[in-house]
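Novice: Residue numbers (my numbering), protein chains in the order written: chain A, 1 to 388; chain B, 1001 to 1184.
Some hints here could point you the wrong way.
As the list claims (entries may be wrong) - Taking lysine-lysine and the BS3-like style, the derived pairs with C-alpha atoms no more than 25 Å apart in a straight line are:
#1 B/Lys-1080 to A/Lys-5
#2 A/Lys-249 to A/Lys-286
#3 A/Lys-142 to A/Lys-153
#4 A/Lys-2 to B/Lys-1086
#5 A/Lys-199 to B/Lys-1027
#6 A/Lys-283 to A/Lys-200
#7 A/Lys-349 to B/Lys-1172
#8 A/Lys-2 to B/Lys-1089
#9 A/Lys-249 to A/Lys-162
#10 A/Lys-5 to B/Lys-1089
#11 A/Lys-286 to A/Lys-199
#12 A/Lys-349 to A/Lys-331
#13 B/Lys-1121 to A/Lys-5
#14 A/Lys-200 to A/Lys-256
#15 A/Lys-291 to A/Lys-199
#16 A/Lys-200 to A/Lys-249
#17 A/Lys-233 to A/Lys-200
#18 A/Lys-2 to B/Lys-1131
#19 B/Lys-1086 to A/Lys-5
#20 A/Lys-5 to A/Lys-349
#21 A/Lys-249 to A/Lys-280
#22 A/Lys-283 to A/Lys-199
#23 A/Lys-162 to A/Lys-130
#24 A/Lys-5 to B/Lys-1125
#25 B/Lys-1172 to A/Lys-5
#26 A/Lys-249 to A/Lys-283
#27 B/Lys-1027 to B/Lys-1089
#28 B/Lys-1179 to A/Lys-349
#29 A/Lys-291 to A/Lys-280
#30 B/Lys-1179 to A/Lys-5
#31 B/Lys-1121 to B/Lys-1172
#32 B/Lys-1125 to B/Lys-1179
#33 B/Lys-1172 to A/Lys-130
#34 B/Lys-1121 to B/Lys-1131
#35 B/Lys-1131 to B/Lys-1179
#36 B/Lys-1131 to A/Lys-130
#37 A/Lys-233 to A/Lys-199
#38 A/Lys-286 to A/Lys-233
#39 A/Lys-157 to A/Lys-199
None of these hints come from the bench; they were simulated from the model.
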Amino acid sequence: MKTPKMANSVGQIDDDLIEAAAECKKKKKSNWMKWGSLAACFAVLVIAGAMILPSILNDGTTPDKYKDIIHAGESAIIWPWEYRTVYEQYTNLEVDGVSYRSNGRAVSTDLVGELIGTCSVVGYDDIHNKSYTEDFEVYELKYADRSQFVAVKMEGKYYTFKKDIYDPPSNLGELFDLVDLSQAIELSRFSENGDGPNKKHYTLNNDDYVWEVLAGSRDAAFIDTSANVENGKEYLSFTITSEILGVYKVAMYVTKDGYLWTNAFNYQYLFNIGEDAAGKIIKYAKENSTKAEYEPYQNTVTGKVVEITEEYILLDDTVICNDPADGTTYKVLLNDLRIERYVDHEIIKVGGMVQITFEGEIDDRNTVDTAISAASVMISKGEVLIPE
Amino acid sequence: MDDLRIIELYFERDEQAIKETDVKYGKLCHSIAYNILNNHEDSEECVNDTYVGVWNAIPPTRPNNFMSFVCKIARNLSLKRLEFMKREKRSADIMLSLDELESVLPDDRYAPGVSDEDVGKLISKFLRTQKEDVRNVFIRKYFFFDSIGEIAERFGFTESKVKNMLFYTRNKLRDYLIKEGVEI
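Excised from the complex, chain B in its bound form (with noise of 0.2 Å):
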């Protein structure tokens, strides 16, 4: 089904939304999850609350992009149950991951008044000045948070090829948030 004939069945209120919803983009919010909580169990519960908040964010919202409008709940709802989950239960993968996206610009030399949509909007129009391989990495890593490995899968590269364009385009993004004055 189309993802406007499903942002319809949300308006009815029909429960065939969430049903339409599932089998459309349950595995890829259930990828998100379990590569976030690292188990299948929290993963489920992410996904089916993920619908809940899709759900209830349609109507009024009318998202113009539905399954990244999905995916973003997903991993929002994903990272705040993470932050509850005890450290021994962390994966190292996804601990890893948080620390690269920290290093890049650490919470404490935020200027003030810089909200996560301005920086989003930053990060966007700096990896628009990237080229495709290197920004769709970058986004399935620190989006997705899909392993080196499936990257390198992914895309047919080494890993260690995946693990450079990841270093190197952190260390630009972190230059180029600088030049626009997100950090103190």
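Just chain A, with the same shape it has in the complex (with noise of 0.2 Å):
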């Protein structure tokens, strides 16, 4: 390895300048900034949380048209005030006296109750260090208890904020007294002993036994840990998904000992729902499913950015591909604040590589018209590697 030219220019700096970095003192925080860290930690946390996940859900994908593994990822860009969207500026929120945070998940109308009032959402620019206020409309939520879960209606769209605190349930029969678990997810593919691509991944049929049999284990008591519990066990790993709890496929557990684990709640629940329960639960997932297809955490394509317009970007994948006349251009489309962003902050250029996350599905004309986010990605012997 070679120091770049750059880093030996930086070592030469003048004198006074070095001096006076190395001298500068700490600064004691204001309120305002402690606020400001807290609402970035969060910020953090959530980012540290995407990037982490897929790599335990995908223990990294070699799709065979690629020579390359292909780790996806977020980049961790805390964007300027005026590129956020409304959901990423405004999210925290005070209703009687309980805090709730929002992590612009969007809910659908029919999942929105009764309106609670008009409410301050708080939002926090902390590059500049500003707090802004903006007044929205809140709502229940059908299915889960205000005190957890409340809707906020935001340029005509409704989004879920989570109670904000460390509060867990002391058994599940509070939790289900909170959240109707059935309405709120449906349980629809689980794999076994985790979730890579290399498990044995399912499609449960119904499931309204699996539910059945966890209402019945309401004394199911709370383990507060932090250890793994599935680690060296049997178990099945359920993929939730669930516009009410806001939430994007994370996961559930029920290890063959007796446990069920979720991170569905922003922190990680835990119940000792006993072993009876438990196999139960695993033996009826077995019987009625059926085999399906991994599924990636996120939609990605990769590629070299070849052309940049106001409308689109044409990404070309030719370069990572094992034999390049396999090699695709897309045509990402530039329709959405949360890819525009990207271009305007010149992180995607032309020339660059970039992991475009797409919402929808590619078109026949690879043709991507639901981007959300972009990382810049290097190649590096035969892997992509995103850097932070």
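Combine the two chains into a complex, taking the hints into account.
Specialist: Here is the structure:
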């Protein structure tokens, strides 16, 4: 490895500048800044979660088409205030003394209940250490107690806000009283002993019986631990996406030795449901499911940016293909602030390698019209790496 | 002991000079080396090599700013040592910092004949046009190679703010260097 010339050049900056930086003292944080850093912590936590989760779920994927291992991830960018969507701007709410926070997941109108009232929602611009307050209508959510989840209407859409403190229920019954889990969550996919591409994946025909067993385990005690409950055990890993809970592809494990674990509530929740209940769920799931293909955490396309216009970018993946003849040029539409901002901030540049994450499908003309994020990637010894 | 006196000890070839340097700047040198090398043993050796380097340089050199002089040698030796370290031993932090620096101006884009010293002067000139905090954050990150967390803590900023400041400073610096004709 050779030290970049730029690093050596920085080593030649004027002595007085180095001295000033060496001696600059720590500043005392104002209360304001504490709030700012609290908000930033959330952002970093959410982002860290988003970065770690794919690595847990995917173990890196190697589609046959590509010679490189592509590690999915998200870049840890805190966007300037004006480059954030409304749900990224306003994230902190307090109703009746309860603090709620959103992670920007939308919820369908048919899951929204009664209007609670109009409340001030606070947003933090951590780049300029400013806070903004805006009034929005706050609604109850169906199937969830308002002490846990509410919906906030912003620019015509509803977003889930969750209670923002660690206050776990003492047993599974209490959790069922606060959230009607059978309505809030549809268990449709699961895998055995992990969720990577090498595991066996299934589609569950019907989840009613699973909820029935769990609802019958009201006394299952909450266990406060940070240990990995599934390590070295036999278990089923259900995938949970829930608009009410505001979660996307998180996990719920049922271990053969009698534990129920989930990260669907921001914090790790673990209940001891007993071997009998766990056994019933595992047996039922295995007997009432069909084999399914592995699904990646998020859909992505990776390639070299060959053109950028006002409306779209063209991305060519030839460089990472085993056979250059398999190379495809994707047209990624710049139709959403969430993707446009990567161009404005030159994270997507002509000639650069990027990975685009999108929500929907790619059409048969290789157009991606639901891109939501991008990350610049480096190819290094046959691997595509995403610099933080 | 003040720096002028320590420099005098070097001129007198008094080995006490090294002890005094260690007392005054040993910790600072070690922190630079450790930020780059990510292990104490290599860092310790680099700090010792730094003292040898200072001993060999003074005399004839009489540094105007002894602290900066020592830091530059420690940084330089640590980066040299990093070049020979196995890939798996290098920390992700330092590799990212070096990548970020290279992204400002890749090696193959340097105009011919432009030396590191020349670019160093231009970087200094650019940094002097920036706000004090921006300047110091940049130097803490890319001269001292502090982590984002350490910088955030030192300045009382959020980590996101530090990342953003660095992002914008790198971009502005790149534009400045291009304008100044450093890039081909």
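Novice: For the pair we were handed, A/Lys-283 and A/Lys-199, check the Cα-Cα distance against 25 Å.
Specialist: Roughly 18 Å separates the two Cα atoms, so the pair holds.
Novice: Would you mind confirming whether the straight-line C-alpha gap from A/Lys-291 to A/Lys-280 stays at or under 25 Å?
Specialist: 19 Å, holds
Novice: Please verify whether B/Lys-1121 and B/Lys-1131 have alpha carbons no more than 25 Å apart.
Specialist: Answer holds: B/Lys-1121 to B/Lys-1131 is near 18 Å, not above 25 Å.
Novice: So if I understand the rule, the pair passes when the alpha-carbon distance is 25 Å or less; does A/Lys-2 with B/Lys-1131 pass?
Specialist: Not satisfied, since the Cα-Cα distance of roughly 32 Å exceeds 25 Å.
Novice: Going straight from one Cα to the other, do A/Lys-249 and A/Lys-162 come out at no more than 25 Å?
Specialist: 17 Å, holds
Novice: When you check the alpha-carbon spacing of B/Lys-1131 and A/Lys-130, does it fall within 25 Å?
Specialist: OK: B/Lys-1131 and A/Lys-130 at ~19 Å, within 25 Å.
Novice: For B/Lys-1125 and B/Lys-1179, compute the direct alpha-carbon distance and say whether it is at most 25 Å.
Specialist: 13 Å, holds
Novice: Taken at face value, is the distance from the CA of B/Lys-1027 to the CA of A/Lys-199 at most 25 Å?
Specialist: 50 Å, violated
Novice: Taken at face value, is the distance from the CA of A/Lys-249 to the CA of A/Lys-200 at most 25 Å?
Specialist: Holds - the C-alpha atoms of A/Lys-249 and A/Lys-200 are around 17 Å apart, at most 25 Å.
Novice: Regarding the pair A/Lys-200 and A/Lys-256, is the alpha-carbon distance no greater than 25 Å?
Specialist: Holds - the C-alpha atoms of A/Lys-256 and A/Lys-200 are around 17 Å apart, at most 25 Å.
Novice: What's the verdict on B/Lys-1121 and A/Lys-5, does the C-alpha distance respect the 25 Å limit or exceed it?
Specialist: 14 Å, holds
Novice: Would the hint linking A/Lys-249 and A/Lys-283 be met if the CA-CA limit is 25 Å?
Specialist: 23 Å, holds
Comparing the model with each earlier hint shows violations of hints 5, 18, 39; every other hint is respected.
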